[in-house]
Amino acid sequence: MRTGVRREDEAPRGGGPAGGRTRPPRMRRLARRLRGWGGVSAMAAACALTAAVLLPLAQAAPEDGPAAAVRPPGSVAAVPQAPWTLTDTCPDPEASLRPSAGDGPTIERIRKAGKLVAGVDQNSFAWGYRNPVDGRLDGFDIALVRAIAKDILGDENAVIYRAIPTNQRIPALQEGRVDVVVRTMTINCKRLEDVAFSTAYFEAGQQVLAPKGSPITGYDASLKDRRICTAAGSTAETALKAQAYGAVPVSVPNQLDCLVRLQLGEVDGIITDNALAAGQAAQDPSVRLVGSPFTKEFYGVAMHKGAPDLVRRVNKVLEDYRAGGGGSPWMQAYARHLGPVLPGVAGPPAPKYRD
Amino acid sequence: MAITTRAPAPAGGAGGPAAGPPAGPPGPGTAWAEGVERLRAAATTEPGRLRIIGALVAGIVLLFGAVTVWEVAGRVGSAEDVVGRSQPLSADAASIYRSLADADTASSSGFLAGADEPREVRQRYEKDMAGASRLLVSAAANAGEDAESRRQITLLGEQLPRYTGLIEQARANNRQGLPLGGAYLRYANEQMSTQLLPAAQRLYEAETGRLYADYDNARSLPLASLGAGILALAALGWAQHRNYRRTNRVFNRGLVAATAATLVALLWLAVGHAVARSSLAEARTEGQESLKVLTDARIAALQARANENLTLIARGAVLAADKKSDKYDVDFAANMKDLDAGLEKALRLADDDKGREPVASAADGVRQWKQRHAAARETDLRGDYQAALPQVIGDRDHKDSSGASFDTVDASLERALAHEQAEFTRAARSGLGAFGGLVTGSAALAVAGAAAVLLGIGRRLSEYR
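Protein sequence lines, in the order shown, are assigned to chains P and B.
Following the working numbering, the numbering of the first sequence begins with 1 at its first residue and continues without gaps.
Following the working numbering, the numbering of the second sequence begins with 1001 at its first residue and continues without gaps.
Covered by chain P, per the in silico footprint, the following chain B stretches (three or more residues, Cβ under 8 Å): (1) 1323-1329; (2) 1381-1391.
Listed next, the in silico DSS-like pairs over lysine-lysine satisfying Cα-Cα at most 30 Å (straight line): (3) B:1324 / P:190; (4) P:241 / B:1327; (5) P:115 / P:150; (6) B:1327 / P:305; (7) P:305 / P:112; (8) B:1337 / B:1324; (9) P:190 / P:241; (10) P:150 / P:316; (11) B:1399 / B:1354; (12) B:1324 / P:241; (13) P:190 / P:305; (14) B:1370 / B:1324; (15) B:1323 / P:190; (16) P:115 / P:305; (17) B:1337 / B:1354; (18) B:1323 / P:241; (19) P:352 / P:190; (20) B:1327 / P:190; (21) B:1345 / B:1370; (22) P:150 / P:352; (23) B:1324 / P:305; (24) P:305 / B:1323.
Don't read these hints as lab results, they were simulated from the structure.
Built from N, CA and C at the ideal position, the CB exists for glycine as well.
Full structure from sequences and hints, please.
So, in structure tokens, the structure goes:
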């Protein structure tokens, strides 16, 4: 996968919480898209032809979108402006260290402590949240933490969960308050200066969320004159500033605030990371993701920069986690936590290594 | 004028022209000219002069009485407004302000407790909302022509149902364990702190402004009355001096009695108003100013508590202007700073031990609250949310929560407010009491004085028969 990868559009861009990274070149995207299609239904396959025809026009890769390629061709053709693309300042931020099951000083320390200290979210539905039934932490991120604990300590419950807010993710790692951060954290170049990341464990993308029955069809001309909500400082806000398609932008402190505004009728649609949007859709069955994701962002497990042994070990856990095709632990966790709200994901992103 | 209509005195020759020929057309000009002519004719004889002097002096004494009645009645009205109308309205506005802040605090406390929301927290919220709605209706009925008050009342009336709607959506989502509930609560809090509370504060300030206007009216010196009284005394003195020079008689009983009545009325006016003025000043400086400072301090305490709760609810979802710190933690620190400053000022304004004690107790509570908050915040920042929560909201095993400290602060401030309100009412009532009888008294004294003048002059006139 890595061979032949070249970077384009490497101009620096203001990094919000959701950060930004370099667009992969068209060749790789095509390869990925074809691989993505391989696992989807016949309907999607039929649509793939349309998508292929539109490839030179469409910069956004619809490979993981639940409603992939359902975007009517006309809506794309009608837009004269170039779609917005995400850029980052370094090549291949999601490439990590090769996996290894070996022990090192960090693993030793965790073993001695007997518990893995994990920084997680408890506010992000389907990813890391308190299950309303029993009040325990649950979600896709939490399942991964348990797998890491099981591999290192032999007990998936040997975890101390620390609920950390978004702005504390990096300080918590740097000050040694947590061993790992598994908290829908996007891998990007700016963060790589402060922390180390595992290989990507999920591929997300910015996508449009709209009420059922809304005329909004995606990040396209259907946004014209609609009030569109984004979180302040997010990638979506940057995208909307660069290419608004005539939408009226509304900025709020946090992505969940957008759903509040949508329910109150103060906005007509939301643009956010589709993983978080899935959490929103899970809390309000009357909204749905429309169109396809128009960026690619990879989530990684963040660790201390000086703990390469732990990074390699977590990458090893991820290799095992991804292995097994449709029955892999990854697919099981996906089906349990995300499948109902974020359908259409064929599998985990392929790992990339830099050594 | 009664004197001039009497039968002309026998002495003094020129009585004839007074009964002028009624032949000419009696237009207003000629009537006036005729009166002047008559006076001029009367002034040429001593009895005529005496009649004019008597009429003028009695008139001045009556004028003094009339001006005093007019000025004092206005001040009594204003003082009554202070005690019975504008201060209660200002207190009601303060109560609306406090109820809203309290409701916001109660809703965030209840939210943190989730499905275990204690009954009394919910009741507190409902009581606050019912109280605020009721007081808003009465404030609207009493706002009269005051445009600023009406504007704020309208704004509050529009925003209050919206706020309660957001709170109920927050509760409903929270009960289902959905993080969306927290977002609704934060939105409700934003509406409260950017729309409702500023409007309530402006209403409170407008009502307090009206109260201060009533104070100023009640306290303004009755200069016209005092001037008229001095003029009356001077006129009486001059009349007596003239009498003495003409007759060598030292006293004219009527004039002396009139002088005494005028002097009594003038002293009563001066002393009565001075006493009322000082009592009203005391009510303002020791009561109302303290009430204002304490009300502001209590609002700061309530907002600090709401922000402390929201720090746990938002869990870092909203950043402050520096893009690093938690917004609610930063707001909490700012509220606590206001609270400290307010308590310090309240302690300075408190004039007795009974006033100082609750303020000092609130200050102790604030110190304890800060310590407990810092401990809870540290636990939360360590990532131990489950341990930080009871440190803030308390439970069976955590009686020493920061919430308990807040309750101490709030209860102490409530006691301090009750004390200052009582101080105010006592001082303002005593000020109003100092005006007691002044209106009727000065009217009666002026009438008696004027009558005495006429009697005294009449006695002199009778010597010419």
